[in-house]
Amino acid sequence: MSTYAIGIDLGTTNSAVSYFKLADATARGQAQTMLAIPQVTAVGTIGEKLLLPSFLYLPNASEFPAGALALPWDKNPSLLVGDFARAHGSKVPMRLVASAKSWLCHAGVDRQAAILPWQAPEDVQRISPLTAAAHYLAHLRAAWDQQFPAEPLAQQDVVLTVPASFDAAARDLTLKAAEAAGLPQVTLIEEPQAAFYAWLEQMGEGFRKQVKPGDVVLVVDVGGGTTDFSLIAVTAKDGDVTLTRVAVGDHILLGGDNMDLALAHTVNQRLAAAGKKLDAWQFNALTHACRQAKETLYADPSLTQCPLVIPGRGSSLIGGTIKAELSREELTRILTDGFFPKVAITDLPQSARRSGLTQMALPYAQDAGVTRHLAGFLTRQARALATAHDAPVPVNGRTFIHPTTVLFNGGAFKATPLKERVLEVLNTWLAADGGQPVKELDGAELDLAVARGAAYYGWVRHGHGLRIRGGTARAYYVGIETAMPAVPGMEPPVKALCVAPFGMEEGTQADIPPQEFGLVVGEPTSFRFFASSVRRDDRVGTMLEDVAGSDELEEIAPIETTLIAQAVQEGKLIPVNLQAVVTELGTLELRCLEKGGPGQWKLELNVRMKE
Amino acid sequence: MEQPIQSKSSFGQRLAIGLACFRRALGSADFCRSADALLHPVPPPAPPAAPKPVELPPERRHAAGLAVLSLLQREGRLIDFLQEDMAAYSDAEIGAAARVVHDGCREVLASHLTLEPVLNESEGAAIKVPAGFDAQRIRLTGNLAGQPPFTGTLKHHGWVATSVRLSTVSETLDPRVLAPAEVEL
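The listed protein sequences derive, respectively, from chains A and B. Position 91 of the first sequence, counting from 1, maps to 91 under the numbering used here, and the rest follow consecutively. Position 167 of the second sequence, counting from 1, maps to 167 under the numbering used here, and the rest follow consecutively.
There's no promise every hint is true.
[As the list claims (entries may be wrong)] Computed far set for chain B versus chain A, every beta-carbon distance over 10 Å:
| id | residue |
| --- | --- |
| 1 | ALA20 |
| 2 | ARG24 |
| 3 | ALA67 |
| 4 | ALA125 |
| 5 | ALA126 |
| 6 | PHE150 |
| 7 | VAL160 |
| 8 | SER170 |
| 9 | PRO180 |
| 10 | GLU182 |
[Said to hold, decoys possible] Each pair of labels, with its calculated beta carbon distance range:
| id | chain 1 | residue 1 | chain 2 | residue 2 | range |
| --- | --- | --- | --- | --- | --- |
| 11 | A | ALA274 | B | SER163 | 38 to 48 Å |
| 12 | A | PRO72 | B | HIS156 | 36 to 46 Å |
| 13 | B | LEU178 | A | THR583 | 18 to 28 Å |
| 14 | B | ALA98 | A | ALA113 | 41 to 51 Å |
| 15 | A | ALA274 | B | VAL177 | 30 to 40 Å |
| 16 | A | GLU295 | B | LEU178 | 22 to 32 Å |
| 17 | A | HIS288 | B | ALA131 | 51 to 61 Å |
Just so you know, these hints were derived from the structure itself, not from any lab. C-beta: ideal position from N, C-alpha, C; glycine also.
The shape of chain A in the complex, shown without the other chains (with noise of 0.2 Å):
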């Protein structure tokens, strides 16, 4: 029995670990339990923090004196993970390994091969997504192991969050990596849902009061590189209080790094119409210092405008100073206007036709109105949700789905009026198509509040408290190939069988479906994997025709497995059924069960490139 429950927070750009102490078995209210992290945030200095910037940087061998980059428990490490990494990694950019959770979910790329940095020259050692996910959750781990030596994480009850739209091969990697950092036993809790918790930690029983059944709340996460959608609904069931996990969104690379790249960059247009070319370290200079006047701005409304100080690279800083400023118009027209833009509801997301080569990298999102993508969240999901038979949220006929409660999350929405202009925004379109306005719910600390409700999840699952069910965010799919004559540069239409519904709780095995199929003793074999955030109608067996044009269904990684059977011989054709299983720590597995035998083998995710 372990003594903690502990949430970490594996943000894409910052970390947090809050713990919960089990034997109090209350909630914690507004106590302060986070973690300090000791990291290093000068040479030969270290300083323990609340949050460790998730950055990773690569030194050359010769660049700091020996000793510099000791942490408590590693005198001499060969990689600097924290705020001195992020910091010297701005100056030294190709030797950075910056957002490796979205790559990790990026199914582009070989994600277990060493490309990060991207596109860093020859001889910069190179690590992989997975890597440098675990070796911010050892240098957690090692942070605490050191503070609390006698209870070490390893032995305590471990929750990890995930972004909701992580898909299962994403899920499976986090896995990986938290197994490689040490923690071989962790639960898995999407990230709008421990905001959530950490909104029902804090409120305690009153949380009847703001939330009643009926009431269906939108989460809305904006962080430092992310934008995260998810809907609760909140239903009563035998007179009790039942909280159900009704949808979630796409994964959009999105956030807060984006609105002040675009500060710095319209600041930029203007200094060089005026004459100052600014270089890569000014320039950087100027988006922090864009950061700053932001937050000033939207701090105090009465300001008009904030001074923006590029200093000099020099030693004369005075004399190399160079100065602009931020007009109020400017943030409200770049930021306010350009990321929540006021839109209506049929305002889908642009997603313009990539031309020609386009650079292998993240897959930023397009269309930069966060408002935009909110709007095709609520009319897609009301448009699976019109179909489906037991929906949690009533839909009748409306356009797209009525929240009645707006919880904000992320880093982002500090800035007041940013939320304002969502709550407007969504009031216009409830007003117009019917509904009611919506409420904002009081959100405690944005950057801690996913850490801290990972954290009370763990005492959670303990059976204390209200649960959010929901099970998975998905249904899942295995292609098959159709069986057609030859035709030259036709391929033959894929169909896709249903392997795992949508809202597979965990701990539970789904039904098999009767298609079998033929693996061949020792040799490989890959099936293509899909999986649909809106199809909430399929049973197992269902099988859905075309695949190619279905605007429903992603394709995520590969799923494979090579059968090595010990009394049977190579090469023979064994018939096998497919079976899906969600473990109790909130992953999908999938299962070749012998048709007739006793045969049993796992199938793998295979998170590597597409061919």
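Given chain A, work out where chain B should sit, using these hints.
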């Protein structure tokens, strides 16, 4: 059987002990050794000489102070600002640079110290300085005559660090290097 020795032993007791020692010395080598140690006490070894205090160079003795300067330079460019000659610039230019220094150094103070005024009254208000006041926290100026308690006007509320969270710098580094030279490749 033998009576324990009293502090003032009589002749008879001394004779009895002497004979007992004689008997045992003849019989036991160990007893001989013990008796020999009593007869020829070895002077205890002289205590080791106290180590001479190592004379640390000034940069080592004040390494912590230098580390704070280095921190203010790294985060707020303070040394660059102070080293520059102000005469050549206008107030506006100096003001712009001062913003950089202010932002950075203020952040350093906020994260490493908690600063509070020594006296909470507002500057310009009347102040009573009681007898037995802490002479380090309150400095008196003006018409200083007689003995406390005094009445006066608060001119500067003072600063005291109520919490110190400075980090220690590794001792392997040379404290004299306040900022490394930057070379762009």
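Each hint, compared with the structure:
Remark: the non-interface label on B:ALA20 is consistent with the geometry, its nearest Cβ contact in chain A lying 59 Å away (cut-off 10 Å). Against chain A, the non-interface label of B:ARG24 holds: every CB pair exceeds 10 Å, the least being about 56 Å. At roughly 8 Å from the closest C-beta of chain A, the C-beta of B:ALA67 falls inside 10 Å, breaking its exclusion from the interface. The Cβ of B:ALA125 sits about 29 Å from the closest Cβ of chain A, beyond the 10 Å cut-off, so the non-interface label holds.
Every CB of chain A lies more than 10 Å from the CB of B:ALA126, the least distance being 34 Å, so the non-interface label holds. No beta-carbon of chain A comes within 10 Å of the beta-carbon of B:PHE150; the shortest separation is about 42 Å. At roughly 23 Å from the closest C-beta of chain A, the C-beta of B:VAL160 stays outside 10 Å, upholding its exclusion from the interface. For B:SER170, the non-interface assignment is contradicted: its Cβ lies about 4 Å from the closest Cβ of chain A, within the 10 Å cut-off.
The Cβ of B:PRO180 does not lie farther than 10 Å from every Cβ of chain A; its closest approach is about 8 Å, which violates its non-interface assignment. Not every CB of chain A is more than 10 Å from the CB of B:GLU182 (nearest about 8 Å), against its label as outside the interface. Separation of A:ALA274 from B:SER163 is about 45 Å and conforms to the stated range, judged on CB atoms against 38 to 48 Å. The hinted range of 36 to 46 Å is satisfied by A:PRO72 and B:HIS156, whose Cβ atoms lie roughly 41 Å apart.
Checked against the hint of 18 to 28 Å, the C-beta distance between B:LEU178 and A:THR583 comes to roughly 55 Å, which is inconsistent with it. Against the hinted window of 41 to 51 Å, the Cβ-Cβ separation of B:ALA98 and A:ALA113 comes to about 49 Å, which satisfies the hint. With their beta carbons about 38 Å apart, A:ALA274 and B:VAL177 fall inside the hinted range of 30 to 40 Å. For the pair A:GLU295 and B:LEU178, the supplied restraint of 22 to 32 Å holds, since their beta-carbon distance comes to about 30 Å.
For the pair A:HIS288 and B:ALA131, the beta carbons lie near 53 Å from each other, so the given range of 51 to 61 Å is met.
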